[in-house]
Amino acid sequence: MLQTSPATRTEARPDENQTSTLTAYRWMILARVLEEKLASLYRGGKITGGVFLGKGQEALSAAIGTALRKGDIFAPLIRDMAGRLAFGESVLEAARTYLGSRLGPMRGRDGNIHRGKPRDGYYAMISHLGAMVSTVTGGLFARRARGETGVVGATCIGDGATSTGSFHEGLNMAAVEKLPLVVIVANNQYAYSTPTARQYACEDLVQRAAGYGVAGYKIDGTDPSACVEVVHEAVARARAGSGPQMVVADLLRLVGHGEHDDFHYMNHALKLAPIGRDCLDVAREQLIASGDATRAQLDTMRNQAAAEVESACGTALREALPNPSEEDWCALSTRRLSEGGQQ
Amino acid sequence: MLQTSPATRTEARPDENQTSTLTAYRWMILARVLEEKLASLYRGGKITGGVFLGKGQEALSAAIGTALRKGDIFAPLIRDMAGRLAFGESVLEAARTYLGSRLGPMRGRDGNIHRGKPRDGYYAMISHLGAMVSTVTGGLFARRARGETGVVGATCIGDGATSTGSFHEGLNMAAVEKLPLVVIVANNQYAYSTPTARQYACEDLVQRAAGYGVAGYKIDGTDPSACVEVVHEAVARARAGSGPQMVVADLLRLVGHGEHDDFHYMNHALKLAPIGRDCLDVAREQLIASGDATRAQLDTMRNQAAAEVESACGTALREALPNPSEEDWCALSTRRLSEGGQQ
Amino acid sequence: MFQNQTATTAQTGTITYLEAIRAAQRKLLAEDERVFIYGQDIADFGGAFKATKGLAKEFPGRVIDSPISEDAQVGLAIGAALEGMRPIVEMQFADFSTCGLTQILQHAATMFWRTGVPCPIVVRLPSGGTAGAGPFHSQSMEALYAHYPGIVVMTPATVEDAYTMLLEAVEIDDPVIFCEHKYLYYHLKADGLPDVALPTGKARIARAGRDATIVTYSAMVHESIACAEELAAEGWEIEVVDLRSVKPLDTDTILGSVARTGRLLAVGEAFPWGGVTAEVLARIATEGFGLLDAPPMRLNAKDTPVPYHPNLWGTHRPTARTITSAMRDLLRS
Amino acid sequence: MFQNQTATTAQTGTITYLEAIRAAQRKLLAEDERVFIYGQDIADFGGAFKATKGLAKEFPGRVIDSPISEDAQVGLAIGAALEGMRPIVEMQFADFSTCGLTQILQHAATMFWRTGVPCPIVVRLPSGGTAGAGPFHSQSMEALYAHYPGIVVMTPATVEDAYTMLLEAVEIDDPVIFCEHKYLYYHLKADGLPDVALPTGKARIARAGRDATIVTYSAMVHESIACAEELAAEGWEIEVVDLRSVKPLDTDTILGSVARTGRLLAVGEAFPWGGVTAEVLARIATEGFGLLDAPPMRLNAKDTPVPYHPNLWGTHRPTARTITSAMRDLLRS
Ligand SMILES: Cc1ncc(C[n+]2csc(CCOP(=O)(O)OP(=O)(O)O)c2C)c(N)n1
Ligand SMILES: Cc1ncc(C[n+]2csc(CCOP(=O)(O)OP(=O)(O)O)c2C)c(N)n1
Ligand SMILES: [Mg+2]
Ligand SMILES: [Mg+2]
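Which chain is which? The protein sequence lines are A, B, C and D, in order. Under this note's numbering, the first residue of the first sequence is numbered 2, with each subsequent residue one higher. Under this note's numbering, the first residue of the second sequence is numbered 2, with each subsequent residue one higher. Under this note's numbering, the first residue of the third sequence is numbered 9, with each subsequent residue one higher. Under this note's numbering, the first residue of the fourth sequence is numbered 9, with each subsequent residue one higher.
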């Protein structure tokens, strides 16, 4: 889907059912293994800047990533490694961004979760939470204006970011324009350290959907097959012209906000409750129970993922770092109008 | 309630039932007469800047104004002349602001609808729509922090301003803090020229309430007794500790956005429908039918209002205008830190 | 009573500054299918100032009413620009653009540098003061935007520039903040619209002179020309440089002018701290120090919100009268 | 690999710049019941940088977690200030304050002038660059706020100032933007906290000199002192003026210093167009022209977003090395 270097491109096999939990699992395990590697590189001092992991959110993220197609728009957020990979990002590009390789898509100018390739419909989030909702809306607006049909745009957002004005304005605008926007709300119970009781006062964020006139869906984000089913349905409805869709998934962030955060403030009751399940474990159980995969096949997938991750990180680590003297320090594409070089 | 010059202070008589439609009518007719006068002064070139009228919204506005007490907080919006007067603003202060008298509360520094007296709990709106929602929330936060109970804060907002991020953030924050905020949404079918279909996609804005976890109420804004009853109930519930309340009233702006606007874009079907009724006419019918007032009494009220308005405008017109050479051009109260005088 | 001493040079002619903006948008819509306009009340209503009057009818679906959501308005434009469109966002007043500032400064302006993909949006800001408009409908916000990297900030002062610069703004592959002055909307007229223009980034000698240079932009160009005319009666020849765009800022033209005159007064309608006049003075001080025969001066609005009442407003901002008074000081120094 | 050449003068001592900010807030909460702190993750968690660590426990209900709503955070503070409180708003990073900028610039900053009622809020902005923080966690935003009337903008460079200026910020009856530098949080240490301080609005001679003046603020004070130390080895005596607050900006102290040295270099970590350095140069050019023996100079960050990678970041902003190089040019001129 995206142009990636063939060496590390992980393709879903053409004969595989894109909507299956097994397909999602492929990306889930790849994301998990990659993030574990990044966390260890971070601890080893090989990564400067933040490392934010999606542990516990892979099922939801992979569900949206697999529901989207080439030509769709996707603006992932900080915990969407699985969705990014499923949408077509290569492991190598992810690794390059974290490891500062000058060959990465952001060329060292921006890092980690802020990566993207807008030309491939893979938008590069800014930090300001909520900003991508209206941006994806705008992308869809343009597609429709140009007569493209059947396109979907999706963005992911946390419980905390639903409190931003940007979220509200963007979703309302998409609803007014009846655009095929799918908003995936990962309610992982915390925004950094802040529990949901300090973030909103409604019983469930899915109640917001009606207030925007958009379709609302509620899912157990720890249940991979439910994630795949509901998210794919929401995407299909958006694609069919039913306007914006909002999917709210309950789950628990299984790690700190970032790797600098020990998550000491976690409510252990949540961890022990069903919401604290690891969606990868649940996926394994579901796949084995349904006969879609054997334990051995799943282990092989993990091993393959690990090999791919090792290879990509090894490559990225050997690549040259950005060189300031090769920068043109030009924030405008129209060079003649730039004052950057003049200082 | 506010300190006003005794000459023009219009007091509700102490024996009068504050929750009655008759009391509301007193402010409604005063607001209507005052605004008609301001419109004529505007047409006569006596007012520079915008003149925005509340014609058709007096019942709703008077309902909130009469529901509030001394010591409450009120942040009115552009169409709240009736609520302002009911909350305690004098006709003279309103007139002074429009007519540029240096004795007005804003001393010519700001004009028309932006007036207020924060020390009296009467906040002075800024133009940026939605901004007052969190500001009133903050006022209530302070009152609670200081141990004051039984205080209510109210703000009014239009259908258009519900699309602002500020509205969303402020209401959500009030809900999280469970503060006694009452938001009055005057859905007057237009934001300037923009009809509601281009503003939101839900069936009714009251559907938003649930998404914030606040109580929602729906009323016919052309029905004065319904406005008084429901708004007073919402205020009473807020006062009793039930957290934020949101009242959505359907009505029609019976004039242009401002006096510069001929409202040529009005949908005449709305004007002819029940929503297009003039709430002052409805109030008269209701009061006469209920026996609360006779036609003659109501006419007397109008005449008294007209006399008061004429007197106040006459006074304000004779008062001196702001004199730039008497300005200290100092935007800080801490004069020693101001750079204003230095330029 | 509500006198204002505002000067405009070209009071004759058939096409106003506002009409030039409308004409530019019409041409853009007609000739470039990637263009659309998004803003509050701009479709059937034609905009608060009528800058898009008639365009929604002529170009169905391409002049679109937005909800009151400045942040999302710019966000939508950014997304559309990424997909190859050329959106123009109309802010109803410049002042409300603070609500969209995050998307402009943090998102649009960082896009190319971060991702290598340009973000060609134009945000039109009806700017500057008019009598009775008050603190929230009068602001000149060019400095907020020009301070940040990744944006072009245009400040046309003439009917011709309003037209050609808006055409160029849409052509430019980067975000452009287009500060159009509300006072000039109706007061400024020209006889026709030009086919050619100076490129953005080039200042214009609005009036040639010999004794001192005024560097300014937007409505203040006309106040400055009025000053020059008044002083011409006394034998002084004041050169007026119209910056046209404040970012990029044409240092060379300023230096050239000061090389001829030896004296500089920078005039701006915005607040005093760190605006265009500060940037102009900093550049002349660093790069043209030796050209100056006297200390450079600047004149800005006062450091308070813009007052509502015309009596106060007329004193708050520079006018031909106060510019002339400053210029007399400069000529004496 | 991720080397950075950042200098700080006081690496010894027991109290960090961050701890000074915490100590000031603790003292304020203890001594003034009108004070409360509102921000994201500041209660039990103690804030992203731990500036409020332990305070929520010590002062129940007065250090409060906010939803992610910068606009409403400032709005809430404004309302509380109107009712007599002294709110401190912590932005998680300065960069996110663009989302609260409307309430700061349009509402808080216009309140006193419009209504005569002061609006004493303090907004703390964890500012400036650190290695690997990237475009959205590194910005120096003082110029955005200082440009508008009605606000005091503080930029403390030392542990002592971080403490005393925050105390003063809360005492001031007007809105204060408190730009605290994230790089200094942990790197800068002092032996104790002072009881007395220069008042806000007074700059400080951070290092006395004779041959040239560097005017700067915040983290760049330390880079500039490192430059002065390096050049001292060669016999040059460079004076370093720490502005402390950039609005008001202490023109007198700058003029006094330049009167002694005849040479001026203004250094800032922010973007180049129209920031503090432009304002400093504009003032010296207008008011101190005759004091200058050579054209004044300035050094800012580059005109691009702040890069993520430390290799690029180290080149993007001024450092002791680049300041020294600029100073050599100035001394030669
Ligand atoms: C507008 C804005 N304010 C503050 C922040 C700082 N911040 C980054 S992530 C985060 C928490 C986000 O929580 P949530 O939206 O629930 O997403 P999660 O981290 O739980 O996936 C905060 C406060 C930000 N990025 N943007
Ligand atoms: C943030 C912001 N954007 C734009 C405007 C310009 N504006 C002033 S009033 C108005 C329409 C408001 O409509 P609504 O909220 O429905 O209130 P109504 O005028 O109908 O009472 C607009 C767009 C503004 N004041 N604030
Ligand atoms: Mg969360
Ligand atoms: Mg309306």
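Fair warning: there could be bad hints in the mix.
[Stated by the list, open to error] Residues from chain D shown here face chain C by an in silico Cβ test under 10 Å; the list is partial:
id : residue
1  : Ile23
2  : Ala31
3  : Phe53
4  : Phe57
5  : Leu113
6  : Pro143
7  : Ala154
8  : Ile180
9  : Asp181
10 : Thr312
11 : Thr330
[Stated by the list, open to error] Think about it this way: if two alpha-carbon atoms lie no more than 27 Å apart in a straight line, the pair counts; the simulated DSS-like pairs of lysine-lysine are:
id : chain 1 : residue 1 : chain 2 : residue 2
12 : A       : Lys272    : D       : Lys197
13 : D       : Lys210    : B       : Lys179
14 : C       : Lys58     : B       : Lys47
15 : C       : Lys210    : B       : Lys272
16 : C       : Lys197    : B       : Lys272
17 : B       : Lys272    : B       : Lys179
18 : D       : Lys35     : A       : Lys272
[Unchecked claim] Residues from chain B that face chain D, not an exhaustive set, calculated with beta carbons under 10 Å:
id : residue
19 : Ser41
20 : Gly45
21 : Lys47
22 : Val52
23 : Ile127
24 : Gly131
25 : Met133
26 : Ala332
Keep in mind the hints are simulated off the structure, nothing from the lab. Even for Gly, the Cβ is constructed at its ideal location relative to N, Cα and C.
Results of checking the hints against the structure:
Using the Cβ-Cβ criterion of 10 Å, the hint placing Ile23(D) at the interface with chain C is not satisfied: the shortest such distance is roughly 33 Å. Residue-level restraint check for Ala31(D) is violated (minimum Cβ-Cβ distance to chain C is 31 Å; threshold 10 Å). Contact between Phe53(D) and chain C, as hinted, is not supported at the beta carbon level, the nearest pair being about 25 Å apart and thus beyond 10 Å. Violation of the interface hint for Phe57(D) is found here, the shortest Cβ-Cβ separation to chain C being roughly 21 Å, above the 10 Å cut-off.
Given hint, Leu113(D) at the interface with chain C, holds; its Cβ is 6 Å from that chain's nearest Cβ, closer than 10 Å. With a least beta-carbon distance of about 5 Å to chain C, the hint placing Pro143(D) at the interface is held under the 10 Å criterion. Hint on Ala154(D) holds. Least Cβ distance to chain C is approximately 5 Å, under the 10 Å limit. The beta carbon of Ile180(D) is not positioned within 10 Å of any beta carbon in chain C (closest approach about 17 Å), and the interface hint is therefore violated.
A hinted interface residue such as Asp181(D) counts as satisfied when its beta carbon comes closer than 10 Å to some beta carbon of chain C; here the least separation is about 16 Å, so the hint is violated. Contact between Thr312(D) and chain C, as hinted, is supported at the beta carbon level, the nearest pair being about 5 Å apart and thus within 10 Å. With its C-beta approaching chain C no nearer than about 16 Å, Thr330(D) sits outside the 10 Å limit, and its interface hint is violated. About 40 Å separates the Cα atoms of Lys272(A) and Lys197(D), which puts this hinted pair outside 27 Å; it is violated.
Restraint check: the Cα-Cα separation between Lys210(D) and Lys179(B) comes to about 43 Å, which exceeds 27 Å; the hinted pair is violated. Proposed proximity of Lys58(C) and Lys47(B) is supported: the alpha carbons are some 25 Å apart, at most 27 Å. In summary, the hint linking Lys210(C) to Lys272(B) is not supported, as the alpha carbons are separated by about 54 Å, beyond the 27 Å threshold. Proximity of Lys197(C) to Lys272(B) is assessed by CA-CA distance (about 40 Å); at most 27 Å being required, the pair is judged violated.
Restraint check for Lys272(B) and Lys179(B): not satisfied, since their Cα atoms lie roughly 38 Å apart, outside the 27 Å limit. Of the supplied pair hints, the one linking Lys35(D) and Lys272(A) is violated, its CA atoms being roughly 38 Å apart against a limit of 27 Å. Nearest Cβ of chain D to the Cβ of Ser41(B): about 27 Å, over the 10 Å cut. The hint is violated. Interface hint status for Gly45(B): violated, as the beta-carbon distance to the closest one in chain D is roughly 27 Å, over 10 Å.
With a least beta-carbon distance of about 22 Å to chain D, the hint placing Lys47(B) at the interface is violated under the 10 Å criterion. The beta carbon of Val52(B) is not positioned within 10 Å of any beta carbon in chain D (closest approach about 19 Å), and the interface hint is therefore violated. Satisfaction of the interface hint for Ile127(B) is found here, the shortest Cβ-Cβ separation to chain D being roughly 5 Å, below the 10 Å cut-off. Annotation: Gly131(B) was flagged as interfacial toward chain D, and the flag holds, the nearest CB pair being 8 Å apart, inside 10 Å.
About 8 Å separates the beta-carbon of Met133(B) from the nearest beta-carbon of chain D, less than 10 Å, and the hint is met. With its C-beta approaching chain D no nearer than about 4 Å, Ala332(B) sits inside the 10 Å limit, and its interface hint holds.
Hint compliance for this structure: hints 1, 2, 3, 4, 8, 9, 11, 12, 13, 15, 16, 17, 18, 19, 20, 21, 22 are not met, and every other hint is.
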